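Trainee: Place chain B on chain A using the hints.
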Amino acid sequence: MTALRHSEARVGWWLTVPALAGLAAFILLPFVLAVMLSFTNLRMGSPLPVAFVGLDNYRLAFGEPAFRQGLFNNVLFALIVVPVQTALGLGLAVMLNNRFHGRWLFRTLFFMPVVFPLSLVAVVWVLIFAPGPDGVLNAVLGALTLGVWEPRDFLNDPAWALPAIMVTSIWQGAGFQMVILLAGLQAIPRQLYEAAAVDGAGALRRFLHVTLPGLRNPLIFVVIVTTILSFRVFDQVRIMTRGGPQDASTTVIHEVVRHAFDQGQVAPAAAMSVVFFLIVLAVTLALRSLMRQQGTVR
Amino acid sequence: MNNMPWLRVLMAYGLLLACTAVFFGPVLFMLSGSLKPDELVLAEAGTWRALVPESVSLDNYRSVFERVPFASYLASSLIINGLIVGLGLMVNAFAGYALARLRWWGRNGVLVLVLALLVIPFEAIAVPLFYQLSWLGWRDDHLVQAIPFVANPLAIYLFYSFFLGLPRELEEAARIDGAGVLRTFFTIVIPNSAAAFASVAIVLFLFHWGMYLWPLLMTTSESVRPLPLGIATFHTLPPLAWGDILAFGVLMVLPVVVVFVVFQRWFVQGVASVGVKG
Chain A
34 MTALRHSEAR VGWWLTVPAL AGLAAFILLP FVLAVMLSFT NLRMGSPLPV AFVGLDNYRL
94 AFGEPAFRQG LFNNVLFALI VVPVQTALGL GLAVMLNNRF HGRWLFRTLF FMPVVFPLSL
154 VAVVWVLIFA PGPDGVLNAV LGALTLGVWE PRDFLNDPAW ALPAIMVTSI WQGAGFQMVI
214 LLAGLQAIPR QLYEAAAVDG AGALRRFLHV TLPGLRNPLI FVVIVTTILS FRVFDQVRIM
274 TRGGPQDAST TVIHEVVRHA FDQGQVAPAA AMSVVFFLIV LAVTLALRSL MRQQGTVR
Chain B
306 MNNMPWLRVL MAYGLLLACT AVFFGPVLFM LSGSLKPDEL VLAEAGTWRA LVPESVSLDN
366 YRSVFERVPF ASYLASSLII NGLIVGLGLM VNAFAGYALA RLRWWGRNGV LVLVLALLVI
426 PFEAIAVPLF YQLSWLGWRD DHLVQAIPFV ANPLAIYLFY SFFLGLPREL EEAARIDGAG
486 VLRTFFTIVI PNSAAAFASV AIVLFLFHWG MYLWPLLMTT SESVRPLPLG IATFHTLPPL
546 AWGDILAFGV LMVLPVVVVF VVFQRWFVQG VASVGVKG
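Protein chains in written order, with our numbering: chain A, 34 to 331; chain B, 306 to 583.
Accuracy of the hints is not assured; some may be wrong.
Pair ranges (Cβ atoms, derived) [to be verified]:
no.	chain 1	residue 1	chain 2	residue 2	range
1	A	LEU237	B	LEU312	48 to 58 Å
2	B	THR352	A	ALA99	35 to 45 Å
3	B	VAL567	A	GLY87	36 to 46 Å
4	B	LEU320	A	VAL181	17 to 27 Å
5	B	ILE481	A	PHE85	58 to 68 Å
6	A	VAL181	B	ALA376	14 to 24 Å
Keep in mind that the hints were calculated from the coordinates and are not lab data. This one's a predicted model, so the numbers in the text were calculated from it and none came from an experiment. No residue lacks a Cβ here, since even glycine has one placed at the ideal position from N, Cα and C.
Chain A on its own, in the form it takes in the complex (with noise of 0.2 Å):
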């Protein structure tokens, strides 16, 4: 039997060392990395040596204007991005909650944006925000409006460039939430509703006492989903805007990027990649002990 014990510790290792070895070596140790990094003064092509410059690194980031900028619109981006796009969601997913013909269709095609790359997304949605008369949602704004709305320039206006993306991004999104909503949805009992029909609450009690309720851990979860996806935004902004006109549509990641790439300075970036990284984490640990703690009075 301890043979029998040896040889299932043996091969339990053996199993793991594959995927360790991945982990270690393509998310810990750069994440290390990231952190040491954040501390040097390291620039590609200084003459000086690597040299321990303690928080420079973070004042220089915080102290730009255009980092700044890209962590508020980040802000500005899941205060916005989040609650609209969930309430989408649930509301897809509410009405597709009733049994009706053609379900199954209506479903796909809400989901469908889901899977289309975000690099295919932005492009067709640069053509969506063409400017001029012509332009697909200037057109379609001019027909609601009854030719009272003004083309314009979405993403070349410093005003509109960001809402833009945060379009673009909710209605690639909105799929996701409905269909992990939906499933949570299938999972409340009849009976509840049948309870609060008897006793004589109206389809908005009904809603929000019963569904709302019974939905709170796949809304958290879509929540701290949402707003982590709204920290990482940078195929859209890359492709649409540029981070522009004048970085109003920059955000953390585009800024990272354009230090480390564009202007050769590293440990800047890598001080942004952590500053982003602790962001990430302060939300998802939040938002988590909010899941937690209410899933325990239940």
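Mentor: Just chain B, lined up with the frame of chain A:
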């Protein structure tokens, strides 16, 4: 329950159609634009012809292959994703099984590590990973775009939770019959875990098919670049031919949409199973 059920049904369908216009409209716009002459894509963008082309031609699709090395982008994407999904299923399923079922020294430590790594977003480590691999002289090939993504904490975690929920009796019966750990895994566990393998495969494929940041950093040769970089390049390549660009887009998304429609059940389950972690 309602005096005018037909009115409710009508309103419900109206709402559904409005949502369809919003979510499927841009997809239809892409499809329709890819089938018509380049100059009409924007000229007709504001009319209903944006969605239904007057005449249909595959010229744009031909010029995608002529103007950019589309076949090479596609081959790169298929190689990279094949490696990530193929190796990823193996490596992560092994680890998930060892963590869920076998007893070995250090198991709890590894489990904690996997859960901790879940919160590190790739964007936070892209820059140091770039320098780390460049320092080794490893860049600008297919492998460097795939190997770093094979071991995946989320996939390990999904396998781990699935194997935990699998009834132990099957494995115990096989073990009593004298089968070793590995044989039990291959002959008993894998055949009973099709759902987990399908879900993880689809999640890995979906996450990596659109990968843009990493290939942007790591590649310089067109011959190893995947589709997302291809469309980003094409979209800035003069002369701007929108029909061609949209045709590129349709070709690029076709494999995912086919996988999605055919394996819809697994797809939705896979995405929803991401919701299991919390």
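Trainee: Now look at each hint and say whether the structure bears it out.
Mentor: Now the hints, each set against the structure:
1. The supplied range of 48 to 58 Å is broken by A:LEU237 and B:LEU312, whose beta-carbon atoms lie about 19 Å from each other.
2. The given range of 35 to 45 Å is respected by B:THR352 and A:ALA99, whose C-beta atoms sit roughly 40 Å from each other.
3. A hinted range of 36 to 46 Å is violated for the C-beta pair B:VAL567 and A:GLY87, which are about 56 Å apart.
4. A hinted range of 17 to 27 Å for the beta carbons of B:LEU320 and A:VAL181 is consistent with their spacing of about 25 Å.
5. Hint check: B:ILE481 to A:PHE85, Cβ distance near 60 Å, so the stated range 58 to 68 Å holds.
6. Roughly 48 Å separates the CB atoms of A:VAL181 and B:ALA376, a value that falls outside the hinted 14 to 24 Å.
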